[in-house]
Amino acid sequence: VNDANATEQHVDRSAIAARAREIRAAVARRALGQDEHIESLLCCVMAGRHALVEGVPGLGKTVLVKALADSLGCRFRRIQFTPDLLPADILGSYVYQPGDGSFVLRRGPVFANVILADEINRAPAKTQSALLEVMQERQVTIEGETLHLDPPFFVFATQNPVEHEGVYPLPQAQLDRFGMRLLIDYPAREDEIRILQLHHHDPPEVPSILSPGEIAAWRRSMESIAVSEVMTGLVVRILEATRDRSGVMLGASTRAGLDLIHLARARALLHDRDYIIPDDIKALLVPVTNHRIQLTPELEISGLSVVDLLNDVLRDTELV
Amino acid sequence: MPDNRGRLYDAYGRLVARATGAGWLPPGGLTPREQVDPLSEAGRLDQHDVRQAAHELEHCVYAGAGDDEEAQRAAVLCDRLASEVPDAVHPKRDRFGSLHAALDAIGRSAPYAIVALLVASIGYILATGGVGMMGFTPGFSYVGGPPADGSHGSRAVALRTHFDSERSAIRKLRSQWRRSATRVTWSSETPPATLTSACPLRAGREESSHRDPPAARVDLDRRTGIDHLTQEVDPFRPPLGWRHRRLVYTSVDSAGRAVLAATEDRPVVITSTGAPARRARVSVVLEAGRPVHIPSTSPDCVVTRFRASPPLELTLGRDAGDALYVVSPVSGRIDLEYEVEDDSQYFAATLTDAPFRPQPTQLPDRLLSEARLVLDEIGMPDEHTYGAVVRRLHAYFADFSVAPLDAGEEYASDYLTIALARKGVCRHRSRAFFITALAAGIPTRLVENRLHSFCEVRLPDGSWRQLEFRLEPTAASDDELADQTGVGISSGVWVAGWLETRETVFWQGSMLAFPLVLLGTTIALRRALVRDGRGHLLPEARTLTISDRRARRNASLRDGGQSLARLVDETLRSVEERVGVDRTDASAFFDAVRHADMPPTVRRRVLQLRDAVVRGDVTTETDPTAVQLMQWDCYYIARWSMGGDSR
Chain A
6 VNDANATEQH VDRSAIAARA REIRAAVARR ALGQDEHIES LLCCVMAGRH ALVEGVPGLG
66 KTVLVKALAD SLGCRFRRIQ FTPDLLPADI LGSYVYQPGD GSFVLRRGPV FANVILADEI
126 NRAPAKTQSA LLEVMQERQV TIEGETLHLD PPFFVFATQN PVEHEGVYPL PQAQLDRFGM
186 RLLIDYPARE DEIRILQLHH HDPPEVPSIL SPGEIAAWRR SMESIAVSEV MTGLVVRILE
246 ATRDRSGVML GASTRAGLDL IHLARARALL HDRDYIIPDD IKALLVPVTN HRIQLTPELE
306 ISGLSVVDLL NDVLRDTELV
Chain B
20 MPDNRGRLYD AYGRLVARAT GAGWLPPGGL TPREQVDPLS EAGRLDQHDV RQAAHELEHC
80 VYAGAGDDEE AQRAAVLCDR LASEVPDAVH PKRDRFGSLH AALDAIGRSA PYAIVALLVA
140 SIGYILATGG VGMMGFTPGF SYVGGPPADG SHGSRAVALR THFDSERSAI RKLRSQWRRS
200 ATRVTWSSET PPATLTSACP LRAGREESSH RDPPAARVDL DRRTGIDHLT QEVDPFRPPL
260 GWRHRRLVYT SVDSAGRAVL AATEDRPVVI TSTGAPARRA RVSVVLEAGR PVHIPSTSPD
320 CVVTRFRASP PLELTLGRDA GDALYVVSPV SGRIDLEYEV EDDSQYFAAT LTDAPFRPQP
380 TQLPDRLLSE ARLVLDEIGM PDEHTYGAVV RRLHAYFADF SVAPLDAGEE YASDYLTIAL
440 ARKGVCRHRS RAFFITALAA GIPTRLVENR LHSFCEVRLP DGSWRQLEFR LEPTAASDDE
500 LADQTGVGIS SGVWVAGWLE TRETVFWQGS MLAFPLVLLG TTIALRRALV RDGRGHLLPE
560 ARTLTISDRR ARRNASLRDG GQSLARLVDE TLRSVEERVG VDRTDASAFF DAVRHADMPP
620 TVRRRVLQLR DAVVRGDVTT ETDPTAVQLM QWDCYYIARW SMGGDSR
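Line order of the protein sequences matches chains A and B. Taking my numbering, the leading residue of the first sequence gets 6, the next gets one more, and so forth. Taking my numbering, the leading residue of the second sequence gets 20, the next gets one more, and so forth.
Since the hints were derived computationally from the structure, they do not count as laboratory data. Computed from a predicted structure; not experimentally measured. C-beta: ideal position from N, C-alpha, C; glycine also. A hint or two may mislead.
[Said to hold, decoys possible] Okay, derived cross-link-like pairs now, DMTMM-like style, lysine to aspartate or glutamate, Cα gap no bigger than 25 Å in a straight line:
#, chain 1, residue 1, chain 2, residue 2
1, A, K287, B, E53
2, A, K287, B, D29
3, A, K287, B, E487
4, A, K71, A, E148
[As the list claims (entries may be wrong)] Ranges between beta-carbon positions, derived for each pair:
#, chain 1, residue 1, chain 2, residue 2, range
5, B, R99, A, R143, 40 to 48 Å
6, A, E27, B, A61, 48 to 56 Å
7, B, R634, A, H153, 53 to 61 Å
8, B, E60, A, H153, 22 to 30 Å
9, A, D181, B, R99, 45 to 53 Å
10, A, R34, B, R99, 55 to 63 Å
11, B, R613, A, L255, 47 to 55 Å
12, B, R613, A, A22, 51 to 59 Å
13, A, I306, B, Y131, 22 to 30 Å
14, A, M254, B, P105, 39 to 47 Å
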């Protein structure tokens, strides 16, 4: 019986990996040169974590998230955050119907499967926290009425790190709610050439490949991914290393470690494995922990970024 | 995890550690899958085996699959691979590798060696009876007598020999005393009429002592080098230093020897004057029926207490030169303890301004005529008072230099040579003054102890005043003088009763102290080794905290940043070779790097590193993290420039 189960799971896993490859290929055709980020976002989708995408304007943040949402076959909404955005604008509100004099609930854009919260740091704290509450609870309370959101529910927020005028930076506690923060950098030269060559035509459409039900099935099969004690030991060693470094004001939290292992399991599933290996941790450490670590001002002034620090930690730690 | 999986994990860790030591892997940052290529590139290890090892590690350890046997086979494979990796060639480890290994070996064996040394020391001290000398000897004691073989070469050996023989002598004396149970009585036997000089003037050559005047003519010793004898311990408390009296001479015989011419001896009466007292504690070697001189403070000192141990029947006397001596009915070594009082102005009386009246003195004719020559050379002061004459003479003889004789300074006799060349140490000065002053009609005595020699002159009122001929007129403090009088002291022969054993005490004490110091040093060394001496990836090192590792790495940078600067320089030079542009031309270098075929990460690192050089940031004085960053920059740039991939 065990053997039969194992075989069934194995087949199941291979199928998932195959679908994942399909999605990655489809998204990669649209968002060129961002394979790493596509994989990370797919991990988020599988593990049910939200993601924050950060980068200067014009690097394809929105393209990336949009393409992924298209491929997932989910309901996708985009909310452009502005300083005058109110909580009701995203959650929804009761609207007076002049015909019958009743109030009808008009659902906000948050009632979708995938939400792109564009430039989340432009909205004031009140609106941000409304969204973050939804992210945490996966439910909306309007005028005392609680409405559950249909699973799956992901928020992909983007923010622009360059501008400082009129932005409300997310507090550390809220940053911690995001499973990962992707830092979009300028594309490599070859990728940039390809982007320029391809995209002066109409960009290719991304077909919808998955369905919401399939995503839920993926999540269930993630439960079978094994985490050996060697791997938990490695994660703890890495977490300790981020805390012990000089110049670190706030090291990676335990929640970071939990997310790291959880997302590593998702990545293992993507790669058709039923166990996690150090490569998973290595690939995910920077996106999962970079927004949860704060450096001392002296170190920031010296030009060292959290990513540099995390790369150092990786280099100094035996990943065995 | 079953045992064999743990074994596999450890075996793989050892493989990585050895490969890191050999410079095949960076110290961290690569996962097992990524380690396959660097481990198998350029024919290092068999690629299939390495891949197999990484695969088994994943399969057995990470996935927890596979059976125990498979894990065991994989562990054996890893061990075999590890044994194929050559020993460390990584510069960081290689530089101190052999030193660390040697220190470690010393550290491992040292505790046993030290315990053995301790046991041996204690055994030795117990066997030689040194324990009594080490902790319980109050202050000082003396052993005496010439070495059995007549050599002065090995002082420690000589001391030990005499110490042993004297211990047996004391034992004998004590048993004699117990048998006879004699009470101490003070008697006043007449000592021999004449005592001759204790100062055989050529060190180590004369076999004589003051008891046996040498038959041959005594040459004046012209050596001024350092004698092999050490300083003498002060026998008096409060201390009197080298200025105590022991042998006193009143005249010179026809052979030029200082002698005690007068014959009257006086018994010493134990009494007290209430003046300040000094206490002496000495050991002397007695010879039946012969006087042995003991230290005194001044000619008119009064003995207030006297004790011998064992309590023998001793005669305490005072000879014509007012020197104290004891006479014993038996031979052997004995401890004496006595106290003297004196309130005389012996050391500080003013030389009076009374008119100078020459007193009749005795000198051999030849010496008298020579001394007149010297007196002519000195010249008499205009003011013809006692004080002026003595001061003039003293000033002349105190102002000698310490130097070897030059050619042409030899005169007909040693006396003339010393007095006219004006070279020599205390014994030369005092003896020349002694003869000259006697010739001038000043009653003078020559006083010698084991270390020092000086004169005393009789003042018109009949009291005596010490005259000191310092080695250097400028020498101010007593310590300085003590140091100087240690140079060229008068005798090389072991005179009875005057050799301190403090050296022995120190020597035996250090037998115990040396192993203890060694033990402490070794423990400190080992503690330092555990922190610094290990490579990064040894299995034990996994349990170390990150900060420990950082401390170790920083410790390896403490050569003032030279190795870092060299590393950065070499790295940038390799980039220069690749891009073909000298980095001194900043803009050309910048353009060349911008357009060079290199990954963006490497490009960024090159530019950062160059900026750091321009800013002067390549120093270990800055934050350790910055230093590590630079090291890693260099590592990845070097990987690229050597044709490897880079991330």
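Tested hints:
{"no.": "1", "hint": "A:K287 to B:E53", "verdict": "holds (11 Å)"}
{"no.": "2", "hint": "A:K287 to B:D29", "verdict": "holds (21 Å)"}
{"no.": "3", "hint": "A:K287 to B:E487", "verdict": "violated (88 Å)"}
{"no.": "4", "hint": "A:K71 to A:E148", "verdict": "violated (31 Å)"}
{"no.": "5", "hint": "B:R99 to A:R143: 40 to 48 Å", "verdict": "violated (54 Å)"}
{"no.": "6", "hint": "A:E27 to B:A61: 48 to 56 Å", "verdict": "violated (39 Å)"}
{"no.": "7", "hint": "B:R634 to A:H153: 53 to 61 Å", "verdict": "holds (58 Å)"}
{"no.": "8", "hint": "B:E60 to A:H153: 22 to 30 Å", "verdict": "violated (56 Å)"}
{"no.": "9", "hint": "A:D181 to B:R99: 45 to 53 Å", "verdict": "holds (47 Å)"}
{"no.": "10", "hint": "A:R34 to B:R99: 55 to 63 Å", "verdict": "violated (47 Å)"}
{"no.": "11", "hint": "B:R613 to A:L255: 47 to 55 Å", "verdict": "violated (36 Å)"}
{"no.": "12", "hint": "B:R613 to A:A22: 51 to 59 Å", "verdict": "violated (40 Å)"}
{"no.": "13", "hint": "A:I306 to B:Y131: 22 to 30 Å", "verdict": "violated (55 Å)"}
{"no.": "14", "hint": "A:M254 to B:P105: 39 to 47 Å", "verdict": "holds (44 Å)"}
Hint compliance for this structure: hints 3, 4, 5, 6, 8, 10, 11, 12, 13 are not met, and every other hint is.
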